[in-house]
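**Student:** Sequence:
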Amino acid sequence: MAKHTAPVKKNEIITLKFEDLTHEGNGVGKIDGYPLFVPYALPGEEAKVKVVKVNKNFGFGKLLEVANQSGERVEPPCNVYYQCGGCQLQHMSYQLQLEMKQNQVKNVMRKIAHLDHVPVHPALGMEDPWRYRNKVQMPVGEKNGELITGFYRMRSHDIIDDMETCVIQDELNDRSVHAVRRIANRLGIKAYDEKADRGVLRHIMVRTGNETNQTMIVLVTRTEKLPHKDELIRELTETFPHVKSIVHNINNKRTNVILGRKTKVIWGEEYIYDTIGDIRFAISAKSFYQVNPPQTKKLYEKALEYADIKSDDIVVDAYCGIGTISLFLAQEAKKVYGVEVVPEAISDAKKNAELNGITNAEFFVGEAEKVMPWWKAQGLKPDVIVVDPPRKGCEVDFLNAMIEMEPERIVYVSCNPSTLARDLRVLEDGGYRALEVQPVDMFPQTNHIECVVKIERSLSN
Numbered sequence: 001m002a003k004h005t006a007p008v009k010k011n012e013i014i015t016l017k018f019e020d021l022t023h024e025g026n027g028v029g030k031i032d033g034y035p036l037f038v039p040y041a042l043p044g045e046e047a048k049v050k051v052v053k054v055n056k057n058f059g060f061g062k063l064l065e066v067a068n069q070s071g072e073r074v075e076p077p078c079n080v081y082y083q084c085g086g087c088q089l090q091h092m093s094y095q096l097q098l099e100m101k102q103n104q105v106k107n108v109m110r111k112i113a114h115l116d117h118v119p120v121h122p123a124l125g126m127e128d129p130w131r132y133r134n135k136v137q138m139p140v141g142e143k144n145g146e147l148i149t150g151f152y153r154m155r156s157h158d159i160i161d162d163m164e165t166c167v168i169q170d171e172l173n174d175r176s177v178h179a180v181r182r183i184a185n186r187l188g189i190k191a192y193d194e195k196a197d198r199g200v201l202r203h204i205m206v207r208t209g210n211e212t213n214q215t216m217i218v219l220v221t222r223t224e225k226l227p228h229k230d231e232l233i234r235e236l237t238e239t240f241p242h243v244k245s246i247v248h249n250i251n252n253k254r255t256n257v258i259l260g261r262k263t264k265v266i267w268g269e270e271y272i273y274d275t276i277g278d279i280r281f282a283i284s285a286k287s288f289y290q291v292n293p294p295q296t297k298k299l300y301e302k303a304l305e306y307a308d309i310k311s312d313d314i315v316v317d318a319y320c321g322i323g324t325i326s327l328f329l330a331q332e333a334k335k336v337y338g339v340e341v342v343p344e345a346i347s348d349a350k351k352n353a354e355l356n357g358i359t360n361a362e363f364f365v366g367e368a369e370k371v372m373p374w375w376k377a378q379g380l381k382p383d384v385i386v387v388d389p390p391r392k393g394c395e396v397d398f399l400n401a402m403i404e405m406e407p408e409r410i411v412y413v414s415c416n417p418s419t420l421a422r423d424l425r426v427l428e429d430g431g432y433r434a435l436e437v438q439p440v441d442m443f444p445q446t447n448h449i450e451c452v453v454k455i456e457r458s459l460s461n
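For the sequence shown, UniProt numbering gives the first residue as 1, with consecutive numbering after it.
Take these hints with a grain of salt, some might be off.
Computed spacing ranges between beta-carbons, pair by pair [said to hold, decoys possible]:
| id | residue 1 | residue 2 | range |
| --- | --- | --- | --- |
| 1 | GLU224 | GLY431 | 54 to 62 Å |
| 2 | ASN400 | LYS310 | 20 to 28 Å |
| 3 | GLY357 | ASP193 | 44 to 52 Å |
| 4 | ARG391 | ARG131 | 20 to 28 Å |
| 5 | PRO227 | PRO373 | 46 to 54 Å |
| 6 | LYS381 | GLU332 | 15 to 23 Å |
| 7 | HIS228 | LEU380 | 53 to 61 Å |
| 8 | PRO35 | ALA67 | 15 to 23 Å |
27 Å max Cα-Cα, derived DSSO-like pairs, lysine-lysine [said to hold, decoys possible]:
| id | residue 1 | residue 2 |
| --- | --- | --- |
| 9 | LYS262 | LYS135 |
| 10 | LYS334 | LYS297 |
| 11 | LYS143 | LYS225 |
| 12 | LYS370 | LYS392 |
It should be emphasised that the hints constitute simulated quantities derived from the structure, not laboratory data. Please read all numbers here as calculations on a predicted model, not as lab measurements. Glycine is no exception: its CB is placed at the ideal position from the N, C-alpha and C atoms.
Using the sequences plus the hints, can you model the full thing?
**Tutor:** This is the structure:
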C-alpha cells in the first residue's frame with residue numbers, strides 16, 4: 001500500500017475554504033481530503049492560512065487573513081481574547097455557538113455511543129451570555145514595581161497585565177479584584193514570585209451570590225501573616241458594602257494548586273448565601289458551587305423532569321457534591337441518599353439540607369462505586385439514580401453497580417460529552433435505554449457543554 005504524505009508542508013502559506021467546526025471550535029478546511037484545523041476560522045469562510053503543524057492524517061494552521069467573512073463572525077468584546085484562551089468562541093455568534101455544541105453532542109452519540117436513534121435537543125442557551133460567572137480566581141504578579149492581576153497568557157504562566165476586565169465574570173467580582181490589587185499595592189504588599197518562591201500575595205479569589213449579591217473575598221498568600229491586614233479589611237469593607245466575608249488562605253507550597261489547606265475567616269461570616277430556585281445554599285471559601293446559577297436552574301429542572309419522581313420514590317444521587325441536585329430531588333421524593341468522595345462537600349450538603357429544613361436527604365462520604373454495592377447488599381432498591389460525575393465520567397464498577405441495583409430510571413448529568421457517550425454505551429448494553437439528551441450551555445463563549453440524559457430500564461429486562 002502506498003504511503004500517504006500530507007499535501008502541505010510546515011510554514012507553507014495556503015488559501016483554505018472552511019466547511020466545519022471541531023468540538024473545540026476550530027475551523028476545519030481540507031486540501032485534497034487532508035484536514036487542517038485552524039483556530040478562529042468559521043464555516044463558509046475562505047482565508048489565508050499558515051501551516052504550523054503537520055501530522056500523518058491531519059494538520060494545524062494559523063489564521064492570517066480572512067477573505068470573505070462569515071455572517072456568524074462577531075467582534076470579540078474582550079480586549080485580550082486572542083491572548084487569554086479562557087474563552088474560545090467569542091468570535092462566533094451565540095446562535096452558532098449553540099448549534100456547534102448541539103452538533104458536538106450529536107457526533108459523540110453517533111460515533112462513540114452508537115445511538116443514532118436518540119434525539120439531541122437544541123442547547124438551552126442564555127438570554128444574555130455574558131457576565132455569568134460568580135467566581136473568579138485571579139493570579140497576582142508584579143511589573144515595574146506595581147502589582148498586576150490578570151489571567152495567564154495562553155499556554156504559559158505569564159500574567160496578561162493589560163486585562164481591563166473579564167467579560168464573562170460578574171462585575172462585582174471584577175471590581176473587587178481591582179480594589180484588592182489597588183489597596184494592596186498602596187500598602188506595599190508584595191506579589192508572590194513563583195520562580196523564586198518568595199513574596200506574599202498569590203491569588204485573589206472572589207465569589208458573589210447571583211441572587212443575593214453577597215460577596216466573599218479570599219486572599220491567598222504564601223506567608224502565614226497577611227501584612228497590613230487591618231487596613232486592607234477596613235478599606236475593602238468601606239468600599240464594598242456587599243462584602244460579607246473576607247478569608248485568608250495560606251498556600252506555602254510550590255504548586256499550581258490555588259488554595260492551600262489552611263483557611264481562616266479574618267472578617268465577617270464564614271459563609272455567603274445564594275439561591276437556586278427555592279433552595280438556599282451556604283457557600284464557604286472551598287465549597288464547590290456551580291458558577292452559573294441561572295443555567296444550573298435550567299439544568300436541574302430538566303433533571304427533575306427526566307427523573308419523573310413520585311412521592312414514594314427512593315432516589316440515589318451519586319457524586320452529589322454539596323447536595324445541589326439532592327435537595328431539589330428531596331422536594332419530590334420520599335427519600336434521597338447522596339454519596340460523594342469529598343468530606344467537606346458532604347459536610348456542606350448536610351448543612352444545606354438543614355438550612356432548607358429538608359429532613360428526607362441523607363449524605364455519605366465515600367466512592368460511589370464502593371458505596372453502591374454495599375447499599376445494595378443492605379437491601380436498598382432505588383427507583384431513580386441521578387449521576388453527575390467529574391469530566392472523566394463514571395468508573396465501570398460504578399456503572400455495573402448501578403445496573404445491578406435495577407432502578408427504573410437513571411438521569412445522567414455530564415460536563416463531558418465524550419465520556420457521557422462512552423458510559424451510555426455500557427448502560428445500553430446493561431439493559432437500559434437512553435431516550436433523549438438535553439444540552440445546557442453552562443459556559444457561554446467557551447467550548448464546554450453540559451448535558452442531561454433521560455434513561456429508562458428496557459421493558460425486556
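**Student:** State for each hint whether it applies.
**Tutor:** Hint check results:
1. GLU224 x GLY431: 54 to 62 Å: holds, 56 Å
2. ASN400 x LYS310: 20 to 28 Å: For ASN400 and LYS310 the Cβ distance comes to about 26 Å; the hint holds.
3. GLY357 x ASP193: 44 to 52 Å: holds, 49 Å
4. ARG391 x ARG131: 20 to 28 Å: For ARG131 against ARG391, whose Cβ atoms are near 25 Å apart, the range 20 to 28 Å holds.
5. PRO227 x PRO373: 46 to 54 Å: With Cβ atoms ~52 Å apart, the hint holds.
6. LYS381 x GLU332: 15 to 23 Å: Given a distance of about 18 Å, which is inside 15 to 23 Å, the answer is holds.
7. HIS228 x LEU380: 53 to 61 Å: holds, 55 Å
8. PRO35 x ALA67: 15 to 23 Å: holds, 20 Å
9. LYS262 x LYS135: OK: LYS262 and LYS135 at ~20 Å, within 27 Å.
10. LYS334 x LYS297: Since the Cα atoms of LYS334 and LYS297 sit roughly 22 Å apart, the hinted pair holds (cutoff 27 Å).
11. LYS143 x LYS225: Holds: LYS143 and LYS225 sit about 23 Å apart, inside 27 Å.
12. LYS370 x LYS392: holds, 17 Å
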